[in-house]
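Asks: Its first residue numbered -12, the sequence shown is counted upward by one per residue in this note's numbering.
Everything labelled a hint here was simulated from the structure, so no lab data went into it.
These numbers come from a predicted model, not from an experiment.
Treat the hints loosely; a few may be bogus.
To be verified - Derived pair list, reagent style SDA-like, types lysine to any residue, alpha-carbon separation capped at 20 Å:
{"#": "1", "residue 1": "K206", "residue 2": "P196"}
{"#": "2", "residue 1": "K203", "residue 2": "P69"}
{"#": "3", "residue 1": "K109", "residue 2": "P69"}
{"#": "4", "residue 1": "K109", "residue 2": "K71"}
What the hints assert, rightly or not - Computed beta-carbon distance windows for the label pairs:
{"#": "5", "residue 1": "D107", "residue 2": "R150", "range": "20 to 28 Å"}
{"#": "6", "residue 1": "D95", "residue 2": "Q122", "range": "27 to 35 Å"}
{"#": "7", "residue 1": "L163", "residue 2": "R135", "range": "37 to 45 Å"}
{"#": "8", "residue 1": "D102", "residue 2": "T197", "range": "27 to 35 Å"}
{"#": "9", "residue 1": "H185", "residue 2": "K105", "range": "31 to 39 Å"}
Ideal placement from N, C-alpha and C gives every residue a C-beta, glycine not left out.
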Amino acid sequence: MFYATDEIATHEEPWRSLFQIGLESLAYSLCGDLVLELTDEEADDSNAGFDVEVFARLTRQQKVAMLVSVGHALLERNAPSPMKSAVVDATFCSIIDQLHVALEFEVDRERYLEDSEKPDRKLRQTLLTICRSLQEGDPPEECERLPRIDCLQRDRWRPLIDRLQDFLLEDYDFDLEHLFCDDSPEQSAYLKTVMLVHDDYFTDTAPEPTGQQLAKLVKELSAMADLELSLEAAKK
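Sequences are here, hints too, so could you generate the full structure?
Replies: Written as structure tokens, this is what we have:
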């Protein structure tokens, strides 16, 4: 389901680190709000902070389920890839898009470090390693000038994330659902044929886990993202 898998192995470094950073940032925000919601404490609207509309429309529970499914496929060699659909592709896009948030956190944190503290530059180092590998063999005049590892200008790093997102995604069909809303069945079928998507691409839905199933998925997501979150004390 992931573009460029013929050229890259998503479970191998440095790609694995890239996806894990995005997943960690996304899971931290999502699971934290979910715990608040299930313990009857105040939490932001479930759509807040997510720029990919198809993913943003999901409930928090659905977002957890989709991140676990796509996360396993990205990080583990033998994990099956979920069937291609708008919600699957939008989840993957959201993981990559979340790197912008992780970048802001990493850069801003370095700005205020004490002289004795060692800066965390894992995301920037990963971006440089990947971009350099993709430029291997290109004529020097065609190679992009990359920022230094200690660069704190976010505008120098954001284009790298955007270009990697375009490289990894085959297309942005998941964002074109509106084209099918008012069309006749015949016109809709024609568009799907042109776009090379299967009939259920836009109608396949995300699971809605509850209770123990949800708690199990949050535990899985927390482990993948190296977080310590649990719903065992939450009310449902």
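Asks: Which of the numbered hints above does this structure break?
Replies: 3, 4, 8, 9
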